[in-house]
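As given, the protein sequences belong to chains A and B, one line each in that order.
Its first residue numbered 56, the first sequence is counted upward by one per residue in the numbering used here.
Its first residue numbered 507, the second sequence is counted upward by one per residue in the numbering used here.
FYI, nobody ran anything at the bench for these hints, they're computed from the structure.
Possibly wrong hints are sitting among the right ones.
Said to hold, decoys possible - Examples of chain B residues toward chain A, derived with CB under 10 angstroms:
no.: 1; residue: Gly-523
no.: 2; residue: Ser-589
no.: 3; residue: Val-652
no.: 4; residue: Val-653
no.: 5; residue: Phe-684
no.: 6; residue: Ser-765
Said to hold, decoys possible - Non-contacting residues of chain A with respect to chain B, defined by C-beta distances greater than 12 angstroms in every case (computed):
no.: 7; residue: Phe-126
no.: 8; residue: Leu-164
no.: 9; residue: Ala-198
no.: 10; residue: Glu-235
no.: 11; residue: Tyr-238
no.: 12; residue: Ile-245
no.: 13; residue: Ala-274
no.: 14; residue: Ser-323
no.: 15; residue: Ala-325
For every residue, glycine included, the Cβ atom is placed at its ideal position computed from N, Cα and C.
Residues per chain are reported as follows:
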Amino acid sequence: MAIDTIEPSSISAGAASGPRVSLRPSSTIITIAAICLIVVVASAIFAGFIAPQDPQKLAPAMRLKPGMPGFPLGTDAYGRDLLSRILYGGRISLMIGVGAAVVSVTIGLAIGLVSGFFRWADAIIMRIMDGLMAIPSILLAIAVVSLSGASLKTVLIAIIIPEVPRVVRLVRSVVLSVREEPYVEAAIAIGSGLPKILWRHIMPNTFAPLIVQGTYICASAILTEAILSFLGAGINPETPTWGNIMAEGRAFFQIKPSLIFWPGVVLSIAILSINLIGDATRDALDPRMKQRKAGK
Amino acid sequence: MLGYLIRRILAAIPVMGVVALVVFLLLRLTPGDPAAIIAGDLATPEQLERIRTSLGLNEPLHTQFLTWIWKILQGDLGVSLISQVPVIKMISQRIEPTISIALSTITLAILIAVPLGVIAAWKHGTWIDRVVMSLSVLGFSVPVFVVGYVLIQIFAIEFRWLPVQGFRSITGGFGPFFERAILPTMALSFIYIALIARITRASMLEVLGEDYVRTARAKGIGEAGVLMRHALRNAAVPVITVIGTGFALLISGVVVTESVFNIPGIGRLTVDAVLARDYPVIQAMILLTSGLYVTINLVIDLLYTLLDPRIRY
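Chain A with its partners taken away, still in its complex shape:
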């Protein structure tokens, strides 16, 4: 299913002259990815109008039924409509994705600017970031959730903590290269205040890489939420999220694999689209960035 969006159909072979370091997805693939993402986002926003059933309504008589009119993808172990749950689940999953991206980019930007510009702070901040990055993010996240109890807020915090150091490193590397530029020196020379230098001259340089990093964080946060739910350390199972639906489907996998399959497909399409759009944005915003690594 998900593979359809990246079928290598429209290839203009050998279009580039020099060696291209990253995959430059063709515009057809990007268009398909954008359409997929718009459909997923729209169906999550308008879930209230599209969903055929109430996603939380229990119907014991309807347990694990196959697809039928009114229940296009069948029902889960509690007789709830699978399609409606996937549609509503998109709301939480996408909210987590966007929320994690915005918050970790904001926090990372602030810390990164300080770290990059003030040498005295740099050593301490970077040691802390190195330490945080050494902890496998899933373990840190499940530890946070298991201690603080599973709510939307703790899941979000658990996803954000491991992402911040990556943003900090990115911002810091940009600041370190920009602060030597003549225009920063000129700003210092004419007596601009420090906040103004940081805000007007240095920060704008971080925007392009941060937008790209933000899309990757968004994709990885949706994935992490799914993994957390799957491991039983996610949001309360009554609220549908893509991860939750799959987690509940585990016990019935041999009887009804579609309980994992369909949410998995929607989740993968969403993440794939976001990643592809991130790659395209990266190439469009700054050709030099093509060398930087995507993913984690």
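For this one, chain A is given, so just place chain B on it according to the hints.
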């Protein structure tokens, strides 16, 4: 070289110190009484008091931290709150399945990903390149447990070629071990293959543009020789680096994969500990995996000199 080695090891100490501090503060900074968090809602006052004493919660914070660190340095990772077994013993009893799956995953991933990346770079811009890179983007986008269940559905349920779940130690014969290890290895290596293939391709593309590659071709060396001897050797450093940094991916993958395939390894141990709020076990696992991560990347840093004699420290 020796000086570099010492500096590098010394630099790892603050990193591990921060890891230990984070792990330590995680429990103490969580709102509420740590003993009550661990014991759950149904705990009796005696149980709470026992946990308080065993964690030293009645002491001042810095004393707690120093005592805790001192114990860890002596190899004492604490005792499980559920089974009362020393954590170090629990981990050592269950580490074998994890190591076997992890090693077979790394091996499989390198065997598949490096050739894929080399071919994609060699044939870059063609459909082969597109397919490899598409698979790589896909690898980052599909959760490992979805891959796992799809594999189970195809190979274990539809075709009935392989067992659905479980694990057999390799000491009990290679056959039973192998048939149970195939699916988890495949599932786990998916994202790793994506990662390594991407880097291999990028690194090869850079090297293939170099003058010495053109010279090698001009001398009439066959394509295989150019790719393997001249290009891949020079492209190896980023590839090895990503195998090391990808270790973090492997750890989270292990936790999930062991749950999907019901493998009694340390990933499963962690998940069980999280569900039971067995904090000493979670704590030990974070320390252990972070330590391993730091060590592996240290070793890889040192490997560079072997791979590329131009790198001198």
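Consistency of the hints with the structure:
A hinted interface residue such as B:Gly-523 counts as satisfied when its beta carbon comes closer than 10 angstroms to some beta carbon of chain A; here the least separation is about 7 angstroms, so the hint holds. With 10 angstroms as the threshold, the beta carbon of B:Ser-589 stays out of range of chain A, its nearest partner Cβ sitting at about 17 angstroms, so the hint is violated. Hint status for B:Val-652: holds, given a least beta-carbon distance of 4 angstroms to chain A, under 10 angstroms. Checking B:Val-653 against chain A by beta carbon gives a least distance of about 9 angstroms; that is within 10 angstroms, so the hint holds.
The closest approach between the C-beta of B:Phe-684 and any C-beta of chain A is roughly 23 angstroms, which is over the 10 angstroms cut-off, so the hint fails. Because the smallest distance between the Cβ of B:Ser-765 and any Cβ of chain A comes to about 6 angstroms, under 10 angstroms, the interface hint for this residue holds. Once the 12 angstroms rule is applied to beta carbons, A:Phe-126 is consistent with being away from chain B; the minimum gap is 22 angstroms. Every CB of chain B is more than 12 angstroms from the CB of A:Leu-164 (nearest about 21 angstroms), matching its label as outside the interface.
The non-interface label for A:Ala-198 is inconsistent with chain B: the shortest C-beta to C-beta separation is roughly 5 angstroms, within 12 angstroms. Distance check on A:Glu-235: its Cβ is at least 25 angstroms (rounded) from any Cβ of chain B, clearing the 12 angstroms threshold; non-interface status holds. Every Cβ of chain B is farther than 12 angstroms from the Cβ of A:Tyr-238; the closest lies at roughly 31 angstroms, confirming the non-interface assignment. For A:Ile-245, the requirement that its beta carbon stay farther than 12 angstroms from each beta carbon of chain B is met, with the minimum near 39 angstroms.
Residue placement check: A:Ala-274 does not keep its beta carbon more than 12 angstroms from all beta carbons of chain B (closest about 7 angstroms). Non-interface call for A:Ser-323 relative to chain B: violated, since the shortest CB-CB distance, roughly 5 angstroms, does not exceed 12 angstroms. Distance to chain B contradicts A:Ala-325 as a non-interface residue, since its nearest Cβ pair spans about 9 angstroms, not more than 12 angstroms.
Checked against the numbered hints given earlier, this structure breaks hints 2, 5, 9, 13, 14, 15; the rest are met.
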